[in-house]
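Starting from the known structure of chain A, fit chain B onto it as the hints suggest.
First to last, the sequence lines map onto chains A and B.
The first sequence maps to residues -14 to 142 in the numbering used here.
The second sequence maps to residues -2 to 490 in the numbering used here.
If you're looking for bench data, these hints aren't it; they were derived computationally from the structure.
Bear in mind that the values here come from a model prediction, so they are computed numbers and not experimental data.
All residues carry an ideal CB built from backbone N, CA and C; glycine is no exception.
Incorrect hints may have been included.
[What the hints assert, rightly or not] Distance ranges between label pairs, derived from CB positions:
| # | chain 1 | residue 1 | chain 2 | residue 2 | range |
| --- | --- | --- | --- | --- | --- |
| 1 | B | K396 | A | Q30 | 32 to 38 Å |
| 2 | B | E428 | A | R117 | 37 to 43 Å |
| 3 | B | W152 | A | V28 | 56 to 62 Å |
| 4 | A | V28 | B | S328 | 58 to 64 Å |
| 5 | A | S3 | B | A429 | 49 to 55 Å |
[Claimed, not checked] Calculated lysine to any residue pairs in the SDA-like style (CA-CA distance at most 20 Å, straight line):
| # | chain 1 | residue 1 | chain 2 | residue 2 |
| --- | --- | --- | --- | --- |
| 6 | A | K122 | B | D455 |
| 7 | A | K45 | B | R309 |
| 8 | A | K45 | B | S468 |
| 9 | A | K45 | B | P351 |
| 10 | A | K45 | B | R467 |
| 11 | A | K45 | B | L355 |
[Claimed, not checked] Selected chain A positions facing chain B (Cβ under 8 Å, derived; list incomplete):
| # | residue |
| --- | --- |
| 12 | V(-10) |
| 13 | L(-3) |
| 14 | V15 |
| 15 | H39 |
| 16 | W51 |
| 17 | G98 |
Letter by letter, the chains look like this.
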Amino acid sequence: MRVRVGERVHDLLPRATSSGSEVVVDGRPVSLRVEELRPGTFVAQLGSRREIFHCVREGKEIHLFWQGVAYRLREEREGAQGPRRGGAFGLEAPMPGKVIAVRVVPGQEVALGQELLVIEAMKMENALRAPRAGRVKSVSAGLGEMVSPGSVLVELE
Amino acid sequence: MRSLGKVLIANRGEIAVRIARTCRVLGLPTVAVYSEADARARHVHECDEAFPIGPAEAAGSYLKIDAIVGAARSAGADAVHPGYGFLSQNGDFADAVAAAGLVFVGPPGAVHRRMGDKKGARRLMAASGVPVVPGYDGDDQNDGVLLAEAERIGWPVMIKPSRGGGGKGMRVVERRDDFVAALAACRREAASAFGDETMVLERRLERPRHVEVQVLADAEGQVVHLLERECSIQRRHQKVVEETPSPALTQQLRESLCAAGVAAARAAGYVNAGTVEFLLDASGRFHFLEMNTRLQVEHPVTEAVVGLDLVRLQLEVAAGRPLPVRQEDVSARGHALECRLYAEDPDRGDLPSPGRVLHYAAPEGPGVRFDSGIEMGSEVTVHYDPLLAKLIAWGADRKESVARMQQALRETVVLGVATNLARLQAIVAHEAFRAGSLHTAFLDDHFSSPAATPELADDALAGLALAVARSGSEPAGRATDPFESVGPWRLGA
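For reference, chain A alone in the conformation it holds in the complex (with noise of 0.2 Å):
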């Protein structure tokens, strides 16, 4: 999802993890699980640390109570209007797999079919392409890391 809060955007992409979950937040990895006590009322596990905070939904209006602040964000459509910058699609594990290769870094410019990484599943490799031609925002798999199908991998500007 994409979210404004003032002038900034955040684009969020939760997913499953072998220990739990986490969300790529502008392409940096979160982990950290959630629990809602009550109607919009959750607790956040971030490690060992626990934040009690308050989130609402109103149509596109998020309100986020986070550690004594309150804040109104907006909901956006990823991709659907406005200029991409900012914005990124997530290339997505298609299958439960071993990372083995990464062939790209943050800020590559990459061409479309290009090879970004390798995925080892039911003992083949896989190669993760690019959909199309454009600069990628971030890489959220580590070589050896084992990955869910879902979960993010990269991104795409």
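Okay, now just chain B, sitting in the frame of chain A:
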């Protein structure tokens, strides 16, 4: 003396809820009144009965004397508590309630009128030895006379309507050349707002502190004070943060200020709870400003340090009982602070911010009190005062009450309407506030530009993403699978 039965609360919001609480403690049934906009408001559910009194516009409902007295009659109420604002200082209302054979919880109409007239009140105070702000309160309202008086007082001068309040019809004039035009503007505003264009002039004091004395008087003429409150943190004549004891007062100054408050109440022939407001100048001299002939918004800080329930005392005095407290019984324990939570949008010049309360959590803990007029789902409309709730923190000393307030402010959750919460947090964290260096221009001096909302950290955004994905509050028709929003293409697709 009579025993009070059912109490009609002629108000709304947090004060109506707060009054209903004390009535319940005393075993008195309560009656709420409400406008069309407030049919589902919190104060309506907190009373035993509720009567509609008119349209959303206050002029047709909460300010309509006939409608409220009519509701009191229909409900079989014995007493009417006016709260603050609305009709609370309206002498005609007090008289109409009394004429209907009901007890008005406040002073009689004549006292409201006496103190509601700034010109007369200034004269009465000066004659009773209570110092007033240097100024002019004469009958001659000729332009030339007023200009000459302004010259005598010295610039800058404040022009204030003799009848009125809330900053309407009021101007600060910096220099002679601007005076006559400002006077005309004040008269126009006052004539339309209050139906009277009599003006008083007062010297504009340089960065004064606002200190006030809580008084309590019974029908037998006993008057006591419940010490002072300082309310210097104001914006556009609206108080934001209040406290007691005032960090500005020495014990000697406190005694003379409180004695002046009692003298003012006696001079006014006061009955019930009231507040005498003073300005304290930089040289430590205080000057009478006005008397509020009602319960004050900030009364809970007094309750916290003196250990008395002011609404209970109001009801007892109104029932004709003698004051149950003597002056020598009154002493302050610790320090209390109040922050007013307003529905105001800091991003839009603090304009009132209507909306629905989508999420709500009240602070808790030792020494914390939360007087709220809202709850989850409440509609905050544009029709009334934007005050949502008051946070009160008590501590053994100012340092502790401030620390408790800071924690309470971090726990106060109101989502769906913009509030001044971040501003309140910034005020109590401010060095000058902590040092007790307060004055009525504090906010203008230290908080003139809107504070930027802090940047959201990655962990907060991550929490948000999972919360939105997990909660059932997704709008209809939207997928709840967080992974679906990832993107349209997959490997091998």
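The hints, checked one at a time:
1. B:K396 x A:Q30: 32 to 38 Å: Roughly 34 Å apart at Cβ, these two residues keep to the hinted range, so it holds.
2. B:E428 x A:R117: 37 to 43 Å: Distance hint for B:E428, A:R117 is violated at roughly 54 Å.
3. B:W152 x A:V28: 56 to 62 Å: Check passed, 59 Å falls within 56 to 62 Å.
4. A:V28 x B:S328: 58 to 64 Å: Given range 58 to 64 Å: violated, Cβ gap about 44 Å.
5. A:S3 x B:A429: 49 to 55 Å: holds, 52 Å
6. A:K122 x B:D455: holds, 16 Å
7. A:K45 x B:R309: Violated, at roughly 47 Å.
8. A:K45 x B:S468: holds, 15 Å
9. A:K45 x B:P351: Holds, at about 18 Å.
10. A:K45 x B:R467: Holds: A:K45 and B:R467 sit about 16 Å apart, inside 20 Å.
11. A:K45 x B:L355: holds, 14 Å
12. V(-10): holds, 6 Å
13. L(-3): holds, 4 Å
14. V15: holds, 4 Å
15. H39: Since the shortest Cβ distance to chain B is 5 Å, the answer is holds.
16. W51: This interface hint holds because 4 Å falls under the 8 Å limit.
17. G98: With a closest approach of 13 Å, the A:G98 hint is violated.
Hints 2, 4, 7 and 17 from the list above are not met by this structure, while the remaining hints are.
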